[in-house]
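Chains as they are written, first to last, in the numbering used here: chain A, 1 to 159; chain B, 1 to 159; chain C, 1 to 159.
Any given hint could turn out to be false.
If you want the ones that stay clear, here's a sample from chain B, every Cβ over 12 Å from chain A, calculated [unchecked claim]: (1) LYS75; (2) ARG80; (3) LEU86; (4) GLY87; (5) VAL94; (6) GLY128; (7) GLU139; (8) ALA144; (9) ASN154; (10) LEU157.
Label pairs and their calculated CB-CB ranges [said to hold, decoys possible]: (11) C:MET29 - B:GLY114: 35 to 41 Å; (12) A:SER2 - C:ALA108: 33 to 39 Å; (13) A:SER2 - B:GLY142: 16 to 22 Å; (14) C:ALA108 - A:GLU132: 31 to 37 Å; (15) C:PHE83 - B:GLY60: 33 to 39 Å; (16) B:SER130 - A:GLY60: 50 to 56 Å; (17) A:GLN113 - C:ALA28: 31 to 37 Å; (18) A:ALA28 - B:SER104: 35 to 41 Å; (19) B:ALA28 - A:SER59: 48 to 54 Å.
Simulated from the structure, these hints should not be mistaken for lab results. Please read these numbers as outputs of a predicted model, since none were measured by experiment. We put the beta carbon where it would ideally sit given N, CA and C, even for glycine.
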Amino acid sequence: MSKKTLIVFSGDYDRVMAAFIIANGAAAMDDEVTMFFTFWGLSALRKTDGAGAPSAVKSGLQKMFSGMLPKSPEKLNISRFNFGGLGRSMMKKVMKSQNVMSVSELIATAQEQGIKMIACTMSMDVLGISKEELIDGIEYAGVATYLGEADESNVNLFV
Amino acid sequence: MSKKTLIVFSGDYDRVMAAFIIANGAAAMDDEVTMFFTFWGLSALRKTDGAGAPSAVKSGLQKMFSGMLPKSPEKLNISRFNFGGLGRSMMKKVMKSQNVMSVSELIATAQEQGIKMIACTMSMDVLGISKEELIDGIEYAGVATYLGEADESNVNLFV
Amino acid sequence: MSKKTLIVFSGDYDRVMAAFIIANGAAAMDDEVTMFFTFWGLSALRKTDGAGAPSAVKSGLQKMFSGMLPKSPEKLNISRFNFGGLGRSMMKKVMKSQNVMSVSELIATAQEQGIKMIACTMSMDVLGISKEELIDGIEYAGVATYLGEADESNVNLFV
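Construct the complete structure from the given sequences, taking the supplied hints into account.
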């Protein structure tokens, strides 16, 4: 048993999926896993359909950025062949037929397995994302917390 | 002597090139290197000119995805200034004049040096890529195998 | 106290920013940090306004590549919602209002903290970037130097 960390910087459906597959795989092998979500990766932690979004307290620019971000993990775009969401839908169809979990299912599994998910508070400020918009059961911290976890881990990836 | 792993997720010519330069450099210093190719990174392992592609056994969606993927490592696009392949051609011209190896040459060197190359079977299913389409001398496995290798390595990168 | 390395491959404003935030955070915790700038990441080390660019000694293709690259760290594009620089300007405005440092400020802090910054000489050749175009106080080396540093580090990231 050892520790692993993943920084999820990317908000692409395929990269987020890869991060969760690695994280869930490690947790299944009894590793302690910490995922640190920063910048576009924060989109993966958004509540479906933007529930709880208190847009009133955001500045205009923050409202604009958070408004442009995908509203839920299943709305993330794939990094190639997305074609306005069509490519993503088709990829998800193939995944289903091959019994590959969707990102939402991977997130649920990660939470069941006790993977520690941390939202980067500095990125939340820059992109205008509030705690109310993110899913329950996650933690909030900055780079020092990430570095503390990484120091104790034997595998650290930046996705 | 130590071990290193690289996950090659990206299918960009420049990123794949960087991964192989690091891998070959480490192997030249007597490190044991494992490269795990997943998602778009699988394109780098394709046989030139799509030889052996048994498109008949693929579903329509898989055929579509694998059909859109580059047909050989030298057909990968660069992540910037690609301009429909023109940028890539020009970058390769400069590389040649500076005695920098192409991705095909880097792959050949990696195989000569005994670098272990693993194709991610789950990604192959999603993208509709069959073993017959990939180069010889590689292995096939999933995330558990990757994690086993990473646990024994002192440098693990996600490219 | 331990060692950390970061490969800065990306030339996106947001990714470069993330790399420096991690690097500066680690240095603040007394870690020894090495940043290895390669490919598009080299843009982050360019002198403002292209001072010192000796374009005469470059080949036509090198001139073209280096001519297309951003002329200073603050001219890097963000990886999403850049809109020809408008998105970047707006992100920087929010950052300022949230007391988040710009990339130029992060670089200055990195230099004050004694972070070792290495420019990849092979990438400089391919992209046609000369030492005169890059900021002072950095080192020049290749992949073997990076691997030596990574071997001594407990956290190694590819950004």
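Q. Which numbered hints are broken by the structure, listed smallest first?
A. Result: hints 6, 8, 9, 10 break, sorted rising.
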